[in-house]
Amino acid sequence: MSEPVSGTPQTPDLVETLEPLAGLPGGAIGIAGGAGAGRKGSDFIHYGLRNKKLVFGLGVEILFVLFAIFGPMFAKYSVTDFTGTSLASPGSKFWLGTDNLGRDLYALLSNGLRESYLVGALGALCASVVGMALGFVAGWRGGIVDEALQLFTNIIVMIPSLVLLIVIGSYLPNKSVLFEGVFIGLTTWPWVARAVRAQTFSLRSREFVDLARLSGKRPVSIILKDIAPNMASYLFLVIILLFGSSMLIAASYDFLGQGPSNVVSLGTVMNQAQTNAALQYHQWWWFVPPGVLLTAMVAALLVANVGLDEVFNPKLREQ
Amino acid sequence: MRRYLVRKLITYLLAFFVGVTIDWGIPHLMPGDPIQGLLSKFTLSSSSYAALYKSFAQSFGLNVPLWQQYLDFWKGVLTGDMGISIWAPPAKVTTLVFQAMPYTLALLIPAITLSYVLGNRLGAAAARRKVLDNTVLPLGYIFQAIPYPWLALVVPYLLGVVWHLFPISGGYAETLLPSWSWTFISSLLDHWFLPFLTVFLVSLGGWAIGMRNLVIYELENDSSRYLRALGASEGVVRRYAYRNASLPQLSGLALQLGVVIGGNIVTEIAFNYPGLGHLIYQAITNQDYFLLQGIFIFIVIAVLIANFVIDLVYLSVDPRTRLSMQGAPA
Chain A
239 MSEPVSGTPQ TPDLVETLEP LAGLPGGAIG IAGGAGAGRK GSDFIHYGLR
289 NKKLVFGLGV EILFVLFAIF GPMFAKYSVT DFTGTSLASP GSKFWLGTDN
339 LGRDLYALLS NGLRESYLVG ALGALCASVV GMALGFVAGW RGGIVDEALQ
389 LFTNIIVMIP SLVLLIVIGS YLPNKSVLFE GVFIGLTTWP WVARAVRAQT
439 FSLRSREFVD LARLSGKRPV SIILKDIAPN MASYLFLVII LLFGSSMLIA
489 ASYDFLGQGP SNVVSLGTVM NQAQTNAALQ YHQWWWFVPP GVLLTAMVAA
539 LLVANVGLDE VFNPKLREQ
Chain B
4 MRRYLVRKLI TYLLAFFVGV TIDWGIPHLM PGDPIQGLLS KFTLSSSSYA
54 ALYKSFAQSF GLNVPLWQQY LDFWKGVLTG DMGISIWAPP AKVTTLVFQA
104 MPYTLALLIP AITLSYVLGN RLGAAAARRK VLDNTVLPLG YIFQAIPYPW
154 LALVVPYLLG VVWHLFPISG GYAETLLPSW SWTFISSLLD HWFLPFLTVF
204 LVSLGGWAIG MRNLVIYELE NDSSRYLRAL GASEGVVRRY AYRNASLPQL
254 SGLALQLGVV IGGNIVTEIA FNYPGLGHLI YQAITNQDYF LLQGIFIFIV
304 IAVLIANFVI DLVYLSVDPR TRLSMQGAPA
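So the sequences go chain by chain: A and B.
This note's numbering applies: residue 239 is where the first sequence begins, and numbers increase by one.
This note's numbering applies: residue 4 is where the second sequence begins, and numbers increase by one.
Hints were generated in silico from the structure; no laboratory data involved.
Where a beta carbon is used, it is the ideal one built from N, C-alpha and C, also for glycine.
It is possible that some hints are incorrect.
[To be verified] Here are the simulated DSS-like cross-link-like pairs (lysine-lysine), alpha carbons at most 25 Å apart as the crow flies:
#1 B:57 - B:44
#2 B:57 - B:78
#3 B:78 - B:95
#4 B:133 - A:291
#5 A:314 - A:331
#6 A:290 - B:133
[What the hints assert, rightly or not] Some chain A residues flagged as far from chain B (calculated, every beta-carbon gap over 12 Å):
#7 281
#8 288
#9 305
[Claimed, not checked] Ranges of calculated distance between the beta carbons of each label pair, as one might list FRET restraints:
#10 B:188 - A:324: 34 to 44 Å
#11 A:314 - B:179: 48 to 58 Å
#12 B:178 - A:385: 53 to 63 Å
#13 A:307 - B:104: 41 to 51 Å
#14 A:367 - B:238: 54 to 64 Å
#15 B:236 - A:385: 37 to 47 Å
#16 A:448 - B:225: 17 to 27 Å
#17 B:185 - A:411: 43 to 53 Å
#18 B:142 - A:321: 36 to 46 Å
#19 A:513 - B:63: 28 to 38 Å
#20 A:499 - B:188: 36 to 46 Å
#21 B:242 - A:288: 28 to 38 Å
#22 A:411 - B:8: 42 to 52 Å
Excised from the complex, chain A in its bound form:
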């Protein structure tokens, strides 16, 4: 059984790991301590249920997820229904109004919500898998492998992803949701890799890792069973933030018409509102709701994330 790290003083490495999140500038990660493996799970539940931020954020998020799952079922029209009433303002017939083609905005938005969650999950999955794999390897091996991987990471950081997507898109007109999610994941992993590397670096010289090494464990199993659990809370927060940022990035891509083809998303609704001069004609019901929805979804995630951070890290709890 490995030793808990939570009691030990934080190393300077941890500060260096607080890189901001692509798409969410400035870094929303609080200082996630190395709390974890040794502590009882019930402790976290105890503090978790008493943490208002976590309960509130998680509650709102669950409501949105439920809405994304069941919302489209209540839509009176499908997303491809051209009802013939274009640009109707919200009312009893069309709950959220219609767009210029006469499509029901409730149907568009509730389906768009699904799309956002899907892309967010895909992006977070890809970025965390790549980032963690490279971060663990770099931090564990050190030396020349570390140098090479760091160089690779620093290069990827400097390639502007949106421009890259546009260049690819100009040759590849038909893209899928899978493509968008994977592309977002493959361009946002660098900060995860850096953070994981720095933490692995500081953990690998601890006694319990030495002990594991002496007992003849294979490196992969040491990383997975001794090092990773000690930063589990941190990794969990990272995944949540990646999820939120992927949704925001996807909205920008869709807004520019660089998202998946023939798919309704919150970004494409905003794009159509913009290109059809909804601003100038005061058609607020067309462009305000998609942004409010997305903001609320991501903000709830961020608030839950801070709550979780406080639950995992006693230093951050309210004094």
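Since chain A is already given, all that's left is putting chain B on it; use the hints.
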């Protein structure tokens, strides 16, 4: 210090190499033959098709082996010859880029620096101060969660369409010709404000929250406790905490640059602002691949230069990079 800079320079050179290679490689990796695509629009006899195909292949430099095409591309990049725009012939790609660049720089430099400086100050002030923290923190989270395209719709709607304070589209009034007259400059500023404001607002919250968390961490640090034990005033302790906390923020800024500079495309398209992002849009809609390739290179260069500037700032802020980097690597 030299070691630090040399390492950085190697990274930049390699990043530039990768950027140029990607820029050259994507069109070659993509399915389809561009000349075939071009000729498919016409009905041609097979002999004239072959002749035309040959002449196009020659004029685009596609009739030589791949490695030579690659070297030719490099030659073009290094001599600043990115070809002629298809959308606006006979203008050269570089000319178009240099025409658009001042707009983008005038937008991004003030927006990035102001949001960084103000956001950090705000976050540092909010740390461990109940009243301020309770307003800055929730607002910060909301701003951080706002999708940028939405901000670029709602802000001009309120300030432009509803309250008629600022124009919402274009780089200057359409009735004016660019000149150094006062009317033109005031029109420029008028049109500049809204896009600037949205870019500024969207990154403000993130910096504030990041700084707040870091300063709290620093204030709890042993070094701060020691300083207090020595009898230093709270202001002094906070000043040291701020300096320490600004290091990760600075490397965060470097990490952000690619996203911000690239993300500027959304701004310029939403506001129809005549910078590089807008030029990219023209390139896509007019299938101007040369222009697209050229802009990509320029944006990569811009990101590299901005990173280098941040490195220099980092050197001046963090005494450790100046001292320890000469010795063993950290």
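Hint check:
Taken as a hint, the residue 57 of chain B and residue 44 of chain B pair is honoured in the structure, with Cα atoms around 17 Å apart against an allowance of 25 Å. For the suggested pair residue 57 of chain B and residue 78 of chain B, the alpha carbons sit about 23 Å apart, so the restraint of at most 25 Å is met. Taken as a hint, the residue 78 of chain B and residue 95 of chain B pair is honoured in the structure, with Cα atoms around 16 Å apart against an allowance of 25 Å. Annotation: proposed proximity of residue 133 of chain B to residue 291 of chain A holds, straight-line Cα distance about 16 Å (limit 25 Å).
Restraint check: the Cα-Cα separation between residue 314 of chain A and residue 331 of chain A comes to about 9 Å, which is no more than 25 Å; the hinted pair holds. The hinted pair formed by residue 290 of chain A and residue 133 of chain B meets the criterion: a straight-line CA distance of about 17 Å does not exceed 25 Å. Every Cβ of chain B is farther than 12 Å from the Cβ of residue 281 of chain A; the closest lies at roughly 21 Å, confirming the non-interface assignment. A cut-off of 12 Å between C-beta atoms confirms that residue 288 of chain A is not in contact with chain B; the least separation is 19 Å.
With a least CB separation of 17 Å from chain B, residue 305 of chain A remains clear of the 12 Å interface cut-off, as annotated. Between residue 188 of chain B and residue 324 of chain A the Cβ separation comes to about 42 Å, which falls inside the hinted range of 34 to 44 Å. At about 49 Å, the beta-carbon gap between residue 314 of chain A and residue 179 of chain B stays in the expected band of 48 to 58 Å. At about 58 Å, the beta-carbon gap between residue 178 of chain B and residue 385 of chain A stays in the expected band of 53 to 63 Å.
For the pair residue 307 of chain A and residue 104 of chain B, the beta carbons lie near 47 Å from each other, so the given range of 41 to 51 Å is met. Checked against the hint of 54 to 64 Å, the C-beta distance between residue 367 of chain A and residue 238 of chain B comes to roughly 46 Å, which is inconsistent with it. Take residue 236 of chain B and residue 385 of chain A: their Cβ atoms lie about 44 Å apart, and the range 37 to 47 Å holds. In this structure, residue 448 of chain A and residue 225 of chain B meet the distance hint of 17 to 27 Å, their C-beta atoms being roughly 26 Å apart.
Between residue 185 of chain B and residue 411 of chain A the beta carbon distance is about 46 Å. The supplied range of 43 to 53 Å therefore holds. Checking the proposed 36 to 46 Å range against residue 142 of chain B and residue 321 of chain A shows it holds: the Cβ atoms sit about 39 Å from each other. At about 33 Å, the beta-carbon gap between residue 513 of chain A and residue 63 of chain B stays in the expected band of 28 to 38 Å. Roughly 43 Å separates the CB atoms of residue 499 of chain A and residue 188 of chain B, a value that falls within the hinted 36 to 46 Å.
Look at residue 242 of chain B against residue 288 of chain A: about 35 Å separates their beta carbons, and that is inside 28 to 38 Å. In this structure the supplied range 42 to 52 Å holds for residue 411 of chain A paired with residue 8 of chain B, their Cβ-Cβ distance being about 43 Å.
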